[in-house]
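Chains as they are written, first to last, in the numbering used here: chain A, 192 to 665; chain B, 52 to 254.
Since the hints were derived computationally from the structure, they do not count as laboratory data. Hints should not be assumed to be uniformly reliable.
Stated by the list, open to error - Computed list of lysine-lysine pairs in DSSO-like fashion (alpha-carbon distance at most 30 Å, straight line):
#1 A:K450 <-> B:K103
#2 A:K199 <-> A:K450
#3 A:K607 <-> A:K450
#4 A:K528 <-> B:K103
#5 A:K528 <-> A:K450
#6 A:K355 <-> A:K282
To be verified - Some chain A residues near chain B, calculated using beta-carbon distances under 10 Å:
#7 Q215
#8 Q230
#9 Q428
#10 T429
As the list claims (entries may be wrong) - Anything over 10 Å on all C-beta distances counts as not near chain A; from chain B, calculated:
#11 A129
#12 I160
#13 A216
The model shown is predicted, which means the values in this text are computed figures rather than measured ones. Glycine residues also receive a C-beta, built at the ideal position from the N, C-alpha and C atoms.
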Amino acid sequence: MSRTLLQKVWDAHGVRTLSTGQTQLFIGLHLVHEVTSPQAFAMLRDRGWQVQFPERTFATVDHIIPTLDQARPFADTLAEEMMSALERNAKEFGVPLWDLSSPRQGIVHVIGPELGLTQPGLTIACGDSHTSTHGAFGAVAFGIGTSQVRDVLASQCLAIDRLKVRRIDVSGSLTRGVYAKDVILEIIRRLGVKGGVGFAYEYGGAVLDGMTMDERMTVCNMSIEGGARVGYVNPDQTTFDYLEGRPFAPAGETFGRAKTWWASMASDADAEYDDRVEIDGAALAPVVTWGTNPGQSVQVDERIPAPGDVETNDRPAVTEALEFMGFEGGAPIAGTKIDVAFIGSCTNSRLTDLREAAQVVAAQRISPHVTGLVVPGSKAVAAAAEQEGLDEVFRSAGFEWRGAGCSMCLAMNPDKLEGRQVCASSSNRNFKGRQGSPTGRTLLMSPAMVAAAALAGEVADVRELAPAGSVGVG
Amino acid sequence: MATGGQRISRVAGAPLPMRGNDIDTDRIIPARFLRSIRFEGLEAHVFEDDRKALAEAGTPHPFDQPQYQGAAILLANANFGCGSSREHAPQALQRWGIQACVAESFSEIFLGNSTALGLPCATATPEAIAQLLHAAETEPATAMTLDLEALTVRAGDCVVEVATAPAVREALLSGTWDATGLLLDEFDDVRAVAARLPYVTGF
Ligand code: SF4
């Protein structure tokens with residue numbers, strides 16, 4: 192019987208069917224961070240439970256840490272309390288922790304892959320909805336809440352319903368100036384922010400086949416923004432090449448055997464899907480959000496919709512979003528003035544993201560009214576970028592070069608929008624208040640488009656700004 | 052092993068209408084309130100930014116309107132609780148006094164998080180939700196009853212059908228919504244699965 196990757200992973204990790212009808216699923220890798228874990232560890236302590244598989248559990252800090260002054264104790268006493276709690280919990284329960292003193296620290300979804308912890312065929316859980324990122328390796332990766340973090344710590348298992356699988360093929364090849372971020376924003380725009388509820392998204396087709404692992408991670412990262420809790424790409428040679436030599440990847444002869452198993456976990460060619468969607472990659476353009484959810488977007492050369500342009504059901508939402516954003520329905524998105532340019536987050540803070548943005552910036556200055564922030568996803572990304580001189584490219588253009596963390600993706604550390612500021616952001620959520628000011632406004636786009644907006648001081652089409660040949664594809 | 056948690060078959064109480072699709076967890080509880088190692092106190096900040104914005108605009112948020120104080124059943128439209136995995140969202144609602152949510156649809160993670168707290172989430176058709184929202188707004192004092200056995204919500208004389216995922220319903224009815232106990236029940240099976248996984252055994 193031919194099976195999808197999701198089915199194979201389910202079959203390999205299913206412990207039993209619970210009395211509720213859910214599957215008890217063994218979790219191969221549990222990643223922990225400071226925000227969603229303290230209450231889970233506290234419940235463990237209360238009930239006298241241990242972490243059952245401490246060797247399958249790893250912790251880091253990312254959400255609350257300052258990216259500027261990282262000296263301890265943190266100026267924010269609440270952040271300091273969370274940091275100390277994680278240190279205490281990791282020590283007490285025997286969980287390895289990469290804190291600010293470790294060269295391995297970074298955003299949880301950046302370091303898992305980077306260290307080779309994230310591997311094909313695994314079940315992965317983390318108390319963060321963007322855990323879907325790890326699906327880029329052909330893992331089935333779930334974002335979970337704190338009670339489920341407790342479940343996984345205590346039992347290394349989740350009680351969970353089986354998902355349906357929607358295969359999304361992106362055919363052809365992307366044109367110049369169109370990136371992985373545009374692919375996923377377009378998918379969400381077409382299928383909607385709740386289109387994926389109940390589904391795992393399996394991404395494939397020529398465009399995905401040709402992508403680097405960094406790019407596949409960008410696509411899988413935002414699955415959750417389309418309502419799909421899980422998104423994945425079948426493992427292939429690109430996956431294996433990325434993993435070889437990473438600290439936690441199998442080495443030597445074992446690597447060869449691992450590769451055979453990993454390859455066997457990919458969906459069979461004749462696997463059946465619950466739904467299929469096809470997208471022509473060659474027809475895609477850079478995408479920018481104009482509203483307050485990641486599905487409210489247009490291509491950069493299009494106009495912001497007016498309430499009358501959409502179906503009756505969607506009108507109130509469009510009206511409300513336009514009002515919040517202070518935008519005029521029917522106005523072009525290009526030319527929208529921005530105040531802040533943010534390059535970072537688990538969606539787009541890896542080395543290739545920084546390279547793509549740096550190529551656009553090269554030897555130019557950002558607009559004087561724009562505050563620019565580049566925040567590498569991990570200490571390792573920062574070091575590699577500095578080795579290449581990318582930090583200098585950004586600094587001399589007028590960007591700030593910060594320490595690794597979640598930064599301005601969400602409002603839990605000192606990096607925040609102020610008042611009604613408009614931010615061109617490479618992150619993943621444009622919800623009201625997401626970037627720290629209840630009235631702040633977020634326009635999601637690719638890192639290259641953020642760089643283009645920073646230079647122009649307004650939303651600009653990266654395809655027009657950059658000289659031919661200097662902008663990467665996909 | 053005890054599977055802590057009481058059996059939940061019905062929730063009765065006053066309704067609270069929260070109109071709008073795609074109400075995300077950043078709105079339910081803004082991220083700055085997650086800077087804590089405890090859930091206690093979250094109830095004070097539920098929908099804080101929305102409430103402030105609406106108060107300034109002179110149209111109080113439902114959570115601030117006097118007729119909805121003490122409400123127990125939150126009514127919403129589609130995709131309620133989308134966005135982040137923060138359990139702080141259902142924690143904040145529950146600590147405020149909400150004991151059940153009824154909506155056109157929920158985000159999956161929100162639904163799972165709520166169930167794990169013994170906070171039932173049931174869905175109903177857009178028409179049924181419209182009826183319930185109308186009832187809540189016109190007769191806020193009339194209590195509603197969510198019956199998980201019968202899969203109905205009763206509001207005065209009006210009864211609408213609701214649905215829940217079978218596993219959610221079973222977990223609530225049998226009091227096994229706090230899953231850890233269940234998951235630890237037959238732990239030898241867990242070890243056996245681990246021992247068969249190539250990446251655990253070293254390939
Ligand atoms: S970068 Fe943003 S989305 Fe990613 S883990 Fe951090 S806060 Fe969450």
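Hint check results:
no.	hint	in the structure
1	A:K450 <-> B:K103	55 Å, violated
2	A:K199 <-> A:K450	16 Å, holds
3	A:K607 <-> A:K450	43 Å, violated
4	A:K528 <-> B:K103	27 Å, holds
5	A:K528 <-> A:K450	49 Å, violated
6	A:K355 <-> A:K282	39 Å, violated
7	Q215	6 Å, holds
8	Q230	6 Å, holds
9	Q428	18 Å, violated
10	T429	20 Å, violated
11	A129	7 Å, violated
12	I160	6 Å, violated
13	A216	7 Å, violated
Going down the numbered hints, you'll see the structure goes against 1, 3, 5, 6, 9, 10, 11, 12 and 13, while the others check out.
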